[in-house]
Each structure stands twice: as C-alpha cells, then as structure tokens.
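Chemist: So the chains spell out like this:
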Amino acid sequence: MSEAEERTIELLIGPQHPASGHMRLVARVDGDVVVELRPDIGYVHRTVEKLAEVKTYLQVVPLVERPALADTANHNLGYVLAVERLLGVEAPPRAQYLRTVLAEISRIHSHLYGLGILGIMLGSSTAFMWCFNDREPLIDLAQELTGARLTYSYMIPGGVRRDLPPGFAERAEKVFRYLERRLKDYERLYFRNPVVRARTEGVGVLTREDAVRLGVVGPNLRASGVAYDVREADPYEAYPDLDFHVVTREEGDCAARMWVRVDEIRESMRLVREALSKIPDGPILHERFSKAIPPKWREWMEEKRRVKIPAAMVSLRIPPGEALSRVEAARGELTFYLVSDGSPNPYRMRMVTPSFRNVVLFRHLIRDCRVADIPAIYGSLDYFPPEADR
Amino acid sequence: MRELAERVASELGGESGESPGFAWVRVPPEKMLEAARMIREAGLEHVKAVTAIDRPEEGEIEVVYHASSYEPGRRGVLALRTSVPRDDPRLPSLVGVWPSAEYMEREQWEMLGVVFEGHPRLERLLLPEDFEGVHPLRKDYEVRTA
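Residue numbers (my numbering), protein chains in the order written: chain C, 38 to 427; chain U, 10 to 155.
Among the clues, some could well be false.
Quick list of in silico lysine to any residue cross-link-like pairs, SDA-like style, CA-CA up to 20 Å [what the hints assert, rightly or not]:
no.: 1; chain 1: U; residue 1: Lys148; chain 2: C; residue 2: Asn382
no.: 2; chain 1: C; residue 1: Lys87; chain 2: U; residue 2: Asp149
no.: 3; chain 1: C; residue 1: Lys92; chain 2: U; residue 2: Lys148
no.: 4; chain 1: C; residue 1: Lys333; chain 2: C; residue 2: Arg199
Label pairs and their in silico Cβ distance ranges [as the list claims (entries may be wrong)]:
no.: 5; chain 1: C; residue 1: Arg354; chain 2: U; residue 2: Val152; range: 17 to 23 Å
no.: 6; chain 1: U; residue 1: Pro129; chain 2: C; residue 2: Asp69; range: 25 to 31 Å
no.: 7; chain 1: C; residue 1: Arg342; chain 2: U; residue 2: Pro129; range: 41 to 47 Å
no.: 8; chain 1: C; residue 1: Ala348; chain 2: U; residue 2: Asp149; range: 18 to 24 Å
no.: 9; chain 1: U; residue 1: Glu151; chain 2: C; residue 2: Gln96; range: 14 to 20 Å
no.: 10; chain 1: C; residue 1: Glu339; chain 2: U; residue 2: Glu138; range: 37 to 43 Å
no.: 11; chain 1: C; residue 1: Ala348; chain 2: U; residue 2: Val152; range: 22 to 28 Å
Keep in mind the hints are simulated off the structure, nothing from the lab.
Ideal Cβ positions, reconstructed from N, Cα and C, are used throughout, including at glycine.
Can you build the whole structure from these sequences, using the hints too?
Modeler: Given below as structure tokens:
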C-alpha cells in the first residue's frame with residue numbers, strides 16, 4: 038500500500054436516506070478532503086420497466102408516475118406522448134393546453150421540493166420548512182384540476198380525464214401572487230443569505246464541456262450555460278404557442294443550479310398564466326376514443342366535464358411498431374422508448390429519467406472538495422433516487 | 010437525421026429507416042464502434058437512451074443507442090441499432106465514444122446480460138448484490154403478479 042493510500046479512509050454515507058431518498062455514497066477521504074466518491078444506487082429500484090411488460094397500456098400510466106413523486110405530471114405526459122405516437126393520434130388542443138398547465142404546476146412544485154432539500158442539506162431548516170409548506174397551494178391547485186394531490190394520472194392516451202374547473206384561472210393567479218411574494222422572502226432568508234452563498238458559490242463547478250460530454254440534463258445542464266430545454270428544442274403540446282424563454286446561467290456552480298430553478302419557477306408561472314389566458318374551447322379527448330363511449334355516458338361527460346374511460350382504451354392494443362418521446366420534466370429531459378408487438382402490453386418500455394442521466398455527476402463533481410461540500414453539491418443537483426432507480 | 014442515417018448505412022453496409030420520434034440506422038455488431046464514431050463526428054455528442062430488447066423468437070437481443078446533440082440545428086434523434094445472438098450477446102462498449110452511455114450500458118448488462126466489451130465497470134447497479142437467476146428484462150424471467 039502506498040503512502041497516499043494509507044492516508045485515506047473510506048467513508049460510507051447512507052443508504053439510510055441521506056437526503057432525498059435511499060442511496061449510498063462511498064467516499065474516499067484524506068482528512069476532510071474527498072479524493073473520490075462513488076454513488077451506489079438501486080436501493081429504491083421498483084422494476085418499472087419490467088412491470089410495464091405485464092400491464093396494459095392504460096395500467097402503465099400510474100406506474101410511470103410513482104418514481105418521481107414531486108413531478109408525476111411530466112412523467113405521465115412523457116409516457117402518454119409515446120403511446121400517442123405509436124397510435125398516430127394527438128390530443129385535441131384544449132387537452133394539450135390542460136396538460137401543459139399541469140406539467141408546469143408540477144415543475145414549480147418539484148423545484149420547490151428540490152430547493153427545500155438543498156436548504157436542509159445546507160443546514161437551513163427554515164428554508165426547508167418554507168419550501169415544503171409552499172408546495173401546498175400548488176398541490177391544492179393540481180388537486181382541483183385532477184382530483185389527486187400527487188399521483189394525478191390525469192393524462193390518458195388521446196386526452197385528459199377532466200376539464201378545467203370554473204374559476205381555476207383566478208385561483209391560480211392568487212397562488213402565483215402569493216408565491217411571488219414568498220420568493221422575495223426566500224431571496225432574503227435563503228438565496229442571498231451570506232452562509233448559503235459561501236457554501237454554494239464557486240462550489241461543485243460543472244464546466245459547459247463536461248456537462249455536454251456527460252449528457253447531463255435539466256437545470257444542471259442549463260446552469261452550465263447550455264441553452265437546451267426540450268420545451269424549446271422539440272416543442273410539444275401547447276409550448277409552440279407560448280412565449281417561452283430558456284433559463285440559463287454561466288457559472289456552473291451550486292448557486293447557479295439553484296438560481297436556474299428559482300428563475301424557472303417564475304417562467305413556469307408565466308407559462309401557466311399565458312396558457313390559461315388563451316386556452317381554446319373544444320373536446321378534451323380524441324375522437325378515436327370519444328366515439329367509443331355510449332351516448333348515455335357522453336351526456337354524463339358533458340354535464341360533469343369529465344371523461345368516462347372507454348372500454349376500447351382499457352383493452353388498448355397498438356399495432357406493432359416503436360416510438361420515442363422526450364419531454365422536459367422538472368429535473369430534465371425524460372425519454373420514453375416504447376416498442377409494441379401488437380399485444381395488449383408494451384413489449385418493451387424504456388424509461389430514462391433525468392436523475393438517471395445525472396447520476397454520473399456525483400462521481401464527477403464530488404472530488405477534490407471538502408466533506409462539508411458533499412451535501413451542498415448533492416443538494417444542488419436535485420437528484421431524486423427513486424426517479425433514478427425506477 | 011435521416012440523411013446521416015443513410016450515409017452511415019451506405020458506408021458501413023447497413024440499413025436505415027424512420028420511426029415516430031427518430032431516424033435509425035442498423036449495422037452489424039462489428040461495425041458499431043465505427044458507426045458510433047461517424048455519428049459522434051457529425052456532432053451527436055450524447056446518448057439519451059441505451060436500450061436492449063430481448064427477442065427470443067429470433068434468438069437475438071437488439072441493442073439501440075438513441076444519440077442526439079444539445080446544439081441547435083442537430084437536436085433530432087438518431088438511433089444506432091444492432092442485434093447480437095441471445096446465447097452470447099457481446100458487442101463493443103461505446104462509452105469511449107459516448108461517455109453518457111456508461112450507466113445505461115451497465116444497466117442493460119445487468120438487466121439483459123449484454124456484455125459491452127471494454128466497459129470500465131460492468132458491475133451490479135440496480136439489483137441486489139446477491140441477486141441470482143435469469144436477467145430480469147429477458148422474456149423468460151417470470152413476473153409474479155397478484
């Protein structure tokens with residue numbers, strides 16, 4: 038054993054939920070300097086890809102939502118888009134707007150979740166409490182639209198399950214005004230706090246070149262100056278109609294990653310406001326499915342402004358083929374690759390989540406830094422183990 | 010992307026096509042490394058997914074790399090695909106060309122038993138350390154459901 042090796046010791050962190058879910062970090066440290074760190078993942082692997090092969094296409098909707106509990110809407114959307122591409126159908130415009138609204142509410146919710154986790158990892162329990170508490174009004178909004186707090190299963194092949202409740206835009210406006218006020222409080226207590234700045238600025242710097250080379254996604258990519266966002270690169274649903282700006286920062290450090298999320302919350306509020314102000318009238322389910330609904334149920338649907346899921350969707354069979362979808366989920370690009378063999382179950386469902394794309398950053402960023410930087414860097418990545426493990 | 014797919018196919022002796030969401034090119038396993046380099050040189054610097062698909066009836070496992078770029082003008086998706094025999098699935102690792110493939114190749118090795126030769130770390134990733142038996146994403150792995 039060399040002298041350098043003798044000086045270092047192995048430090049095991051986790052897997053008992055070190056932050057945002059069960060994972061283990063295996064660090065080699067020299068004093069309090071991290072020489073290298075290896076992420077050990079898989080503790081919350083739920084076999085989503087395999088389970089999809091024994092479920093029907095509709096049953097997979099709730100399944101793909103589970104890994105990313107703060108961002109279920111975007112996972113729901115990515116999957117449904119892949120199914121629709123296999124079928125060759127598109128949701129009607131009103132449904133596309135409603136999906137966009139929920140996807141952005143979900144993004145704000147997820148970013149607050151991530152900022153809360155970063156807060157507690159930096160030792161600010163107040164920041165954690167504030168962020169987590171302020172998710173509530175957004176969860177309430179989503180519940181009003183979908184009927185559920187977190188696992189919405191709102192988007193189904195060809196459309197959405199429910200229409201917009203009356204007065205929704207006014208209530209959303211109230212929530213956003215509240216959140217705008219709160220973000221000012223956050224700036225004073227949290228984002229511009231001298232301790233937070235000292236712990237995050239210049240720490241865990243990811244260069245633009247490395248971000249691209251490693252295929253990093255989401256706010257972690259954009260904080261390194263890469264203006265890539267699927268909503269702009271390959272626009273889907275209502276995004277082509279909306280005035281959307283990609284948020285970037287140049288520094289690539291923990292603070293930049295935090296600020297991208299903060300600015301994206303503002304951008305998402307703008308997107309929801311715009312979408313609600315110009316949402317078109319019309320059906321919320323594609324004709325292919327709505328025509329399969331008996332007239333009695335169609336009346337019920339008109340009255341309740343809800344969809345009765347037709348038998349043709351429950352036992353959906355898709356002609357053999359393959360399709361790829363990508364959406365900008367809250368933590369970054371989410372890719373679904375779906376293969377059909379004509380049976381009622383997907384033959385293969387590949388689901389590559391943003392956290393799985395970003396797991397490489399633990400090894401890449403957490404080295405030649407202090408042990409105390411581990412939580413700051415981890416927190417700044419908004420890495421969610423269940424989302425990575427699937 | 011379709012153009013690039015056709016160019017790779019004609020230079021390396023493969024076939025190309027299009028599916029919803031991406032163009033694709035299929036080459037023999039021994040041409041994968043060369044094809045990946047061509048695609049990388051055309052500016053597609055990362056992969057969004059590495060997927061292995063078990064096809065027991067053909068006695069094959071198909072492996073698909075969905076490559077793309079963050080740069081405006083080449084943000085479409087090109088899939089590089091090949092098939093390897095199911096009883097001895099081997100192909101060169103493409104981590105040297107696309108570092109972003111590292112964890113995904115490792116996962117597909119674990120889940121389907123595809124050996125990516127030259128991969129820096131083909132070790133357990135998501136499954137328990139003491140897991141034994143059929144690779145779970147192979148079709149002969151039985152899922153017990155209630």
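Chemist: Evaluate each hint against the coordinates.
Modeler: Hints, verified against the model:
no.: 1; hint: Lys148/U to Asn382/C; in the structure: 13 Å, holds
no.: 2; hint: Lys87/C to Asp149/U; in the structure: 12 Å, holds
no.: 3; hint: Lys92/C to Lys148/U; in the structure: 14 Å, holds
no.: 4; hint: Lys333/C to Arg199/C; in the structure: 18 Å, holds
no.: 5; hint: Arg354/C to Val152/U: 17 to 23 Å; in the structure: 20 Å, holds
no.: 6; hint: Pro129/U to Asp69/C: 25 to 31 Å; in the structure: 28 Å, holds
no.: 7; hint: Arg342/C to Pro129/U: 41 to 47 Å; in the structure: 55 Å, violated
no.: 8; hint: Ala348/C to Asp149/U: 18 to 24 Å; in the structure: 32 Å, violated
no.: 9; hint: Glu151/U to Gln96/C: 14 to 20 Å; in the structure: 18 Å, holds
no.: 10; hint: Glu339/C to Glu138/U: 37 to 43 Å; in the structure: 56 Å, violated
no.: 11; hint: Ala348/C to Val152/U: 22 to 28 Å; in the structure: 25 Å, holds
Consistency with the previously given hints fails for numbers 7, 8, 10, ordered from lowest to highest.
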